[in-house]
Amino acid sequence: MAEVHIKINNQFITAEQGDTILDAANRSGIQIPTLCYLKNVIRTGACRVCLVEVKGARALLSACTTPVSEGMEVWTNSERAIRGRKTTVELIMSNHNKNCLSCKRNTNCELQRLCAELGIRQNRFEGEHTQPTYEDASWGIVRDTSKCVLCERCIGTCANVQGIGILGLQNRGFKTICGPVYNGSFDDVNCMQCGQCVIACPVGALTEKEEIHSVITAINDPDKIVICQTAPAVRASLGEEFGLPIGTLVTGKMVAALKRCGFDRVYDTNFGADLTIMEEGSELLRRIQNGGTLPMFTSCSPGWVRYVEYQYPELLSHLSSAKSPHMMFGAICKTYWAQKHNVDPSKIFVVSIMPCIAKKSEARRPECETGDYPDVDAVLTTREAGRLIKMYGIDELDALEDENFDMDFLGEYTGAGVIFGATGGVMEAALRTVKQKLENKPLERVDFMECRGMAGVKEAQIDLNGEKIWIAIASSMTCAKPLLEDVRAGISKYVFIEIMGCPGGCINGGGQSIVSARKKHGTIGYTYKDRRMKALYDEDRFKEKRVSMDNVQLQKLYEDFLGEPGSEIAEKLLHTTYSPKKKFKIVQ
Amino acid sequence: MEKLNGSALATIDAIVARHRNQAGPCIEMLHEVQNELGYIPFEAMEKIAEATNSSVAEVYGVVMFYAQFTTEPKGRHVINVCLGTACYVKGAQQLIDRVQKLTGAQVNKTSADGLFSLDATRCLGACGLAPVCIIDGKVYGNALLGTNFTDEIRRIIKEERTTESAS
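Top to bottom, those sequences are chains A and B.
Each residue of the first sequence is one higher than the one before, counting from 1431 in our numbering.
Each residue of the second sequence is one higher than the one before, counting from 53 in our numbering.
Here chain A stands alone, though its shape is the one from the complex (with noise of 0.2 Å):
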């Protein structure tokens, strides 16, 4: 690659050709404030809050979109670059709802943060609105375009990471919103409800449909038995709405606050993942020896099961048919838990805490109430949370002494249930148990490698008890679609596929903690992805159990109530179907 060499506020910067003013400058540590540009989903140059003054430039240019030449002499803080900066803003700030104090990304909005930077002291151009829509249909994704700032992030990454696009800009001029089609709502288009949109936008334009007030109420509802579950993801994000560093496990504190805000009981949904190995890899098993429909697919991305019955509906027989692990662990409190406390289970009111928002109508989805109850009540995602705990007055979650998990019947997990929340981690989870099941002795290497990384598509050849099988991760669905082509033309080599909803998996679902576009542009970068995940393999590596076959509490629940995988009992409780959805309910 070519040297190119030039100058930012004075100081010498080697760049690359091809870089823009603003790839030269994060390389080099110069903060360059931006809006609408997101790294490696979409460069529009459409918000000029980037402008930098570049010698011999008429006008003031966007960094993220002018590529570096020769000699060039760029000086990101001059009195005209901040003053040009400041209007733009002022201007975006003239057409947008600026109710910052109620707001959902209140003290974590892009906007407001740039505002600040910039000095904006009052309202310099008040004026005309544009006609706003609200819009709360779905049970995920809450869109509210008087906050909408048009950067078209959302776009691009529903487009580009996902390769779906049901968000588009409409209208024209002033009158320009974005959303799906007919200014409809999610449900009426064929969304996954992964919620990427919504960790991409900088602002409260699009946020989680919040469930907070139900959770509330059911704690101090008296009569209420309230389970809180919380999924492997949360401990490696949650930290981060308390102004920790990515990456740190906070698990023994999220208990500890979690058991303040007054559950009756705190449990890991880890529990449930061990339980979805048992009846999927049990599943596999079937279908290998009995000639089903292989590959199979796992289930516990409810937006990867929204996105098959969209778009591929014809593979829906590859779908594992195991509920995914909160619903699974659901099921269990309100049967095997309730009988033995010998409570009613309508009195039993369960809430995941989730790093996913298409866990939210998942909870909802009819063709899981197989039981009496829904298996879960409340869905909150790891901001919500964050919210939750701050609201019931602990401000500083790193105070607070470790705490356990409750441990009575449904308390014990593996480090195989850990891994669930980064891509892969299902995989490696699965092999681990039917590898050991298989071959009726412990596991020489616990450890798959192969299944580990950030890569979008990883596949490997595993050798179990002798007989050498293909198996293929992916996560993001731009990254799944060659595997799902290749298993509709009936050419694929696989006989297990893990498919993540979200890029990099839970870890970097639609529910965690929103890292900024500031963040992801630094020196962070994308590594926000591995050390998450990092947090994650750090407390399985420790864990004493890490195959789910081991799960002591798991081996009594198979015992005294379930019988095994794939009983009767289990079948109604723990597994699903799925059905073809219509992409588009559009009422002209």
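Selected chain A positions facing chain B (in silico; Cβ < 8 Å):
hint : residue
1    : A1589
2    : I1596
3    : G1598
4    : Q1600
5    : N1601
6    : R1602
7    : P1610
8    : V1611
9    : F2014
Since the hints were made in silico from the structure, they are not lab data.
Keep in mind that this is a model prediction, so the values were computed, not measured.
We treat Cβ as the ideally placed atom computed from N, Cα and C, and that holds for glycine.
Since the structure of chain A is already known, use the hints to place chain B on it.
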């Protein structure tokens, strides 16, 4: 959604097939669908998105961007009322009120019976005849004078009613 009839779907398929290998096909397809069917049905956007390898949201964005595309079926008869400055000064608003009363169609909408669409337009370039309106391509000048214009609307309504009761 009202299901499109087979012939409309076949028209859309033919249009999509005709343009699919051409550069910038989306806008060409939309133009032709608009001309043939009088509006852009959702099915057309789906088919165009598939043929051009883009998302429906993107095609919808194009439809919403250009004023000449409409997503609502037009009435059997289209009435354009000029809202240019001269026509407006000479009472175009009164004209619109009259048309609304007669046809039941709101501005830029179609009447419930599907007979009339009422479109407010920019200057038609016939300011000397202000206020001006057009019924099914025929221009009526000085439309507030006399009853030529309203008579024509009444005639259409009557004619449509008779054919309706006859059929």
